[in-house]
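Chemist: Work out the full structure, taking the sequences as your base and the hints as a guide.
Protein chains in written order, with my numbering: chain A, 245 to 637; chain B, 276 to 569; chain C, -18 to 67.
Source of the hints: derived by calculation from the structure; they are not laboratory data. Predicted model, so just to flag it, every value in this text is computed and none were measured. Check the hints yourself; a few may be wrong.
[To be verified] List time: in silico DSS-like cross-link candidates among lysine-lysine, alpha-carbon distance up to 25 Å:
1. B:K278 - C:K(-11)
2. B:K558 - B:K547
3. A:K620 - A:K519
4. A:K609 - A:K620
5. C:K(-3) - A:K441
6. B:K323 - C:K8
7. B:K278 - C:K11
8. B:K357 - A:K260
9. B:K278 - C:K(-6)
10. B:K531 - B:K548
11. A:K578 - A:K531
12. A:K441 - C:K(-6)
13. C:K34 - C:K56
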Amino acid sequence: MKELLEGSMAVAEIVKLCKPGVISAYPITPQTHIVEELAQIVADGHLNAQFVNVESEHSAASVVLGAVATGVRAYTATSSQGLFYMAEVLYNIAGMRLPVIMTTAARAISAPINIWNDHQDVVSLRDAGWIQLHAEDIQEAVDLHLIAYRLGEDKSIMLPVMVCMDGFILTHGMETVDMPTQEQVDKFLPPYKAPYKLDVENPLTLGPLVDPEYYMEARYALNETHKEALALIPKLTAEFAKVFGRTYNGLVEGYQLKDAEKVIVAMGSVCGTIKEVIDELRAKGKKVGLLKITSLRPFPVNAIYDALKSSPKVAVIDRALSLGSFAPLSAEVKAVFFGKTKKPQNISSFVVGMGGRDITKDSIKEIFRLMNGKDKQTEFIDLKPELLKENYE
Amino acid sequence: MSKTLFAPGHTACAGCGQSMAARLVLDAAGPNTIIVNNTGCLEVFSTKYPESSWEVPFIHSLFENAAAVASGVESAIKYLGKADNINIIAQGGDGSSADIGLQALSGMLERGHNILYVCYDNEAYMNTGVQRSGLTPFDTNTTTSPAGIASIGNLRPKKPMPEIANAHGIPYVAVASSGFGQDLQRKVKKALSIKGPKYIQVHAPCPLGWRHETNLTIQVAKLAVETGLYPLIEYENGALSVRRQITPKPVEEYLKTQGRFKHLLNKPEEIKKIQDIADNNIKKYGLRAEAQGV
Amino acid sequence: MFGPLICKPGSSKNNKTGPWRTESRPKFLKTNCIACNMCVVVCPEACISGQGKNTYDVDLNYCKGCGNCAAICPKKDIEMVKEEGA
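Modeler: See the structure below:
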């Protein structure tokens, strides 16, 4: 049913329909509305769940870890500093193979402290072992949460999934959303059936000490499972399309790629702006296109290769940094093509929209203009040089 | 072999006070128990893949979050409607309970979860090599509070964890000792019969870290209690309700059994400071047994 | 795909810690035992068992030789004797 909803409310609604038994989160802007709405939903008796108000994000992640380990579906949400505070628990959850589902409202990282949107928090956690999916708009954010539960809880996967939505832009933006019904959700998402859990009828020891004789295989298996997820995601989105009528690839989405001479690669809500710019430029005969990456982890190497191998000029937009080195998304995209005969003539790297600095249509047009065949490395768009100085006296 | 839920074959040191206590706690709780453990000696020596001593469901996550993970387990059990039949025990050493895990413990106590938290107090970070913790006693020689020409050892008194737990307004707090195994089991059973958060602190001698012979574990634990240095007390609904009464022995009898206090034995002024701590405990908790026939 | 992740309950029994002993082992004299059960309570390995007076004994597959049983026995009915060949 179509409703005009704030992004946070839409996410709270889909989480409610997924019926988690335990919800635990710690407030941090701009995730707060999601959790507040869920608290009200539980208080109004619309969802039978234990709502646990914890004293930190580290404990929020630990609570949902304990809940899923006991065989009960769980949910949490966070952002920025909170994501970092729970970071060791996140690596732990992935290593313990527990399908926790979490929303991250992507936000800049302190210092300096800044509560507005970029990707520094989520991209920094790409090594944690979580599946990481990025939403372009609120509809996709809603749909990705449903897919996330189905994907993470799959018996062969058993991995936690992070659904990233740009803070404020998507969490506090308003959009007409086609919200699934409970019947549709129940058709797509069966109840969680844990292959291993804390159960007095069948005792097991979870989280043992694993010495050098055994540890490597545990990590190898995690990596292999990400490859298995790469194969499973398109199957799940195909099934999703049958139930809900909305088509996603789940790994990448090409927009006007076919004969594009210049292609921008990007994640998240900026893709909406890029699509509008592409429409404007195409109307003027410019051959431009977009490759949107939905799944940062598992990283869709083959899908990216197939999409871009014939594109002459590629520019990767990063909204995160790996300070001291190549911008992270651009480095991974470049790695796809190393050693390949078919590849773009050049792959440039641009950084845009840090700490909530607006990415306008002009910013995107500037990037297309700068894609002139010369290699650009980590070039910041819309930078204000007047704010920079060499020394502090 | 006696019937127990904590199987032998674990790799605890010979004479480990914590392994004695952990087995007694688990056997008192029974098979309908889920254990949530912090990183530390107990978890490391009892769950080295592929072997585990635990005959009940057991989970270890990180160093400081057993109280929070247990909160999640308890919430899940409540959601499943099984809350009345299953004990949930969160455990950790003194380091993971009083220091790095204090926040998670405080949150668990404040939220009122139906969980028993057991702190095995061997008075230092033993698993990483005997480093000083918030529960290391005054004047103790540890690797990060060593005694030397410029220092007498740990300069701070023990963090009053039982009182801190009690201040959260929880229904039951108890202090127990590996040296008094049946008393420990009584306290565990009593705690598990009460709904809400409970805290039990167990004094657990560590022959390796405290530097005493392996066969003295029980004797050392008993002396700590009998000198007044480790009062065995219970708080019920905030009020001190039970204390084990003693005929106090001088603290030197306790200190001379362990290498970690060896540097004090020729310093009567330091021993006096420790005697003051014991005397304060005896006064504060009313530990002195009434003299017979007086 | 899954790697090493979970342990089976009680599987530590596969690890026989008896070879840890280097100096001494407990000898249960079974003469003055009053079945107080204290040796069972204190053993860190839970490898002492018995039912009734003078029936208590140790499973040497697991005994680490700590000596707490001998130290606690109120009737001095447990002796620590030299490990053969030690």
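Chemist: Between K(-3) (chain C) and K441 (chain A), is the straight-line Cα distance small enough, at 25 Å or below?
Modeler: Distance ~28 Å between K(-3) (chain C) and K441 (chain A) Cα, so the pair is violated.
Chemist: Given the proposed pairing of K441 (chain A) with K(-6) (chain C), does the C-alpha separation stay at or below 25 Å?
Modeler: 22 Å, holds
Chemist: Please work out if K357 (chain B) and K260 (chain A) have their alpha carbons no farther apart than 25 Å.
Modeler: Status holds; Cα separation ~23 Å.
Chemist: With a cut-off of 25 Å on the C-alpha distance, tell me whether K34 (chain C) and K56 (chain C) pass.
Modeler: 12 Å, holds
Chemist: Has the given pair, K278 (chain B) with K(-11) (chain C), been kept, meaning a C-alpha gap of at most 25 Å?
Modeler: 18 Å, holds
Chemist: Does the alpha-carbon distance linking K531 (chain B) and K548 (chain B) stay inside the 25 Å limit?
Modeler: OK: K531 (chain B) and K548 (chain B) at ~15 Å, within 25 Å.
Chemist: Check the hint pairing K558 (chain B) with K547 (chain B) against an upper bound of 25 Å on the C-alpha distance.
Modeler: 16 Å, holds
Chemist: Need the status of pair K620 (chain A), K519 (chain A): alpha-carbon distance at most 25 Å?
Modeler: Within the cut-off at roughly 22 Å; holds.
Chemist: Is K609 (chain A) close enough to K620 (chain A), meaning Cα to Cα at most 25 Å?
Modeler: 16 Å, holds
Chemist: For a C-alpha distance cap of 25 Å, please report whether K278 (chain B) and K11 (chain C) respect it.
Modeler: 21 Å, holds
Chemist: Below or equal to 25 Å on CA atoms is what counts here, so check K278 (chain B) against K(-6) (chain C).
Modeler: Measuring from Cα to Cα gives roughly 13 Å; hence the hint holds.
Chemist: Quickly compare the C-alpha distance for K323 (chain B) and K8 (chain C) to 25 Å and report which way the hint goes.
Modeler: Since the Cα atoms of K323 (chain B) and K8 (chain C) sit roughly 30 Å apart, the hinted pair is violated (cutoff 25 Å).
The structure does not agree with the numbered hints 5 and 6 stated previously, though it agrees with the rest.
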